[in-house]
Every structure is written in C-alpha cells, then in structure tokens.
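Trainee: Sequence:
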Amino acid sequence: MTAARSVLPGGPEGVGIGWRREIDLTVERMAGVDFVEAVAEDLHAGALPESVSALRARGVPVLPHAVSLSLGGAEPLRHDRVEHLAAVADALDAPLASDHVAFVRAGGLESGHLLPVPRTREAFGVLVDNVRAAQATLGVPLALENIAPLLAWPDAELSEGAFLAELCERTGAWLLLDVANLHASAVNLGQDPGQVLDELPLERVVYVHAAGGVERDGVYHDTHAHPLTTDVLDLFAELCARHRPPAVLLERDDRYPPDDELAAELAALRSVHSPS
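Residue numbers for the sequence shown follow the numbering used here, so the first one is 82 and each next one is one higher.
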C-alpha cells in the first residue's frame with residue numbers, strides 16, 4: 082500500500098518530525114524524515130538556523146507551526162504575529178502554515194497555554210472572522226489544529242467534529258488533525274473519537290500530529306515528553322482505515338530520548354501510515 086498523495090500542491094507527504102533546537106542535528110541527520118515542522122515563533126525569517134537551512138537545501142520541506150495567533154480569542158487579532166508567521170513561511174518557501182483552534186490571550190494577559198474555544202455560535206463567529214483575517218495576510222494556505230483540552234466550556238451548541246467541519250466549510254481552511262489530542266479529549270471529556278472522525282471532512286486533513294503523553298489520576302496530559310502510546314497509534318490506525326492522510330508528524334518537545342528511540346517511533350508511525 083502506497084502513501085496517500087498530498088491534498089495540497091507541494092504539501093507534506095510521508096513521515097516527519099518536529100524540528101527543535103535541542104535536537105537540531107538529530108533531525109538534520111536522521112534517515113527517513115520526509116518533512117519537518119518548526120514552531121514559527123522560534124524562527125526569524127532573516128536568520129534561519131543553520132540546520133533548518135541545511136534541511137531546505139536537501140529539499141526537505143519545513144513547515145511553520147504557530148502557537149500564539151489566538152484565533153479563537155475575543156480580542157482583536159495581533160496582526161504582527163500573523164505577519165511574522167507569513168514572513169517565516171515565505172523564508173521557508175513553505176506550502177502552508179498552521180496554528181490552533183484555541184485562544185491564548187484575554188484581558189491583555191497571555192496564558193502560555195492553548196485554551197479551548199467555547200463551541201457556541203457566538204464564539205464560532207469570532208473564530209471565523211479571525212481565521213479569515215489571518216488568511217488575508219498569509220501568502221500560503223492555513224491549516225488549523227484541534228487541541229488537547231483539560232476542560233470543556235458549558236452550553237456547547239456544536240460537537241467538536243461539527244465545529245471543525247463547519248469551520249473548514251466557512252473559511253476554506255485545512256485541518257491539521259492531532260490524534261493525540263483526540264485521545265486527550267476522549268480521556269478528559271469522555272468524547273468519542275470515532276464520532277469526531279465521522280463528522281470531520283477527512284479529505285481536508287493535510288497532515289496529522291502524533292505525540293506522547295501520560296495519564297495521571299484520570300487526566301491525560303499531552304506532554305510531548307513521553308513515548309507514543311498504543312492508544313494514540315491505534316487511533317491513528319483508525320483514521321488511516323477511514324481515510325489515509327498524506328502525512329504524519331511526530332512531536333517531541335522535552336525529555337528527548339536517544340536518537341534510536343526517536344527513529345523507532347518514526348518507524349512505528351510509518352508502519353501504520355504506509356504498510357508494505
């Protein structure tokens with residue numbers, strides 16, 4: 082079985098890994114990496130890290146992934162942050178950029194965390210306006226990622242799947258589907274991941290995130306500091322059985338293991354994504 086083709090011209094295909102400064106040489110030298118993703122806020126368009134430039138010179142796509150646009154926030158969009166993401170995407174010659182369906186700012190304060198957007202019609206309208214404003218500045222398509230919630234706001238008017246599906250329909254945005262975050266929603270909120278997959282426009286999934294986490298006292302923490310779990314791999318397999326995405330990326334942000342352990346996790350994702 083061959084890997085699915087990208088749904089975007091020049092979009093990612095195969096298996097990738099998140100670029101982090103702590104493992105820059107590991108990522109640069111690791112075999113079998115088809116693309117990488119870097120946190121946009123960690124890059125400067127005019128002075129890309131040497132290892133990122135080396136990857137690009139080899140033809141490895143580097144995708145910018147933002148964490149601070151606060152697209153779901155009620156406060157005015159910070160256009161300087163969108164412009165930074167646009168500049169980084171241009172410097173990387175990236176086929177797309179991404180951020181989260183979340184807010185990180187309220188009352189002039191920065192949370193430092195990705196907070197869930199209330200799934201109400203009022204909040205949805207604000208989110209749509211912010212996404213459209215960001216798209217008007219970005220020179221590349223925008224993909225939006227579901228987050229790993231620790232709580233759910235009351236009085237939801239839409240399920241998560243319906244919320245994301247309508248968001249794509251109204252804005253034309255793509256989906257960056259995080260299967261670890263779907264698992265977090267299942268554990269923490271009792272949400273059925275199968276129902277979410279049923280409701281999502283899976284043909285809009287441009288690539289997938291997978292990461293490790295840990296469950297403590299009945300709460301799943303999406304740490305990005307632990308190995309991939311069987312539950313996350315199984316959920317990725319369920320997604321592939323329904324509609325195989327063109328690409329999947331391993332995220333790791335802390336407690337970096339030896340290179341051979343990272344390589345084994347990439348191989349595990351590839352065995353699910355593109356079985357021989």
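Hints were generated in silico from the structure; no laboratory data involved. One thing to keep in mind: the hints can contain errors.
Pair by pair, the computed Cβ-Cβ distance ranges are [said to hold, decoys possible]:
(1) 357 with 323: 17 to 27 angstroms
(2) 342 with 302: 31 to 41 angstroms
(3) 307 with 276: 20 to 30 angstroms
(4) 218 with 307: 28 to 38 angstroms
Predicted, not measured: the structure shown is a model, and the values here were computed from it. All C-beta atoms, glycine included, are put in the ideal place defined by N, C-alpha and C.
Trainee: The structure should be examined with respect to each hint, and the outcome stated for every one.
Mentor: These are the hints, each one checked on the structure:
no. : hint                             : verdict
1   : 357 with 323: 17 to 27 angstroms : 21 angstroms, holds
2   : 342 with 302: 31 to 41 angstroms : 20 angstroms, violated
3   : 307 with 276: 20 to 30 angstroms : 26 angstroms, holds
4   : 218 with 307: 28 to 38 angstroms : 36 angstroms, holds
Of the numbered hints listed earlier, the single one contradicted by the structure is hint 2.
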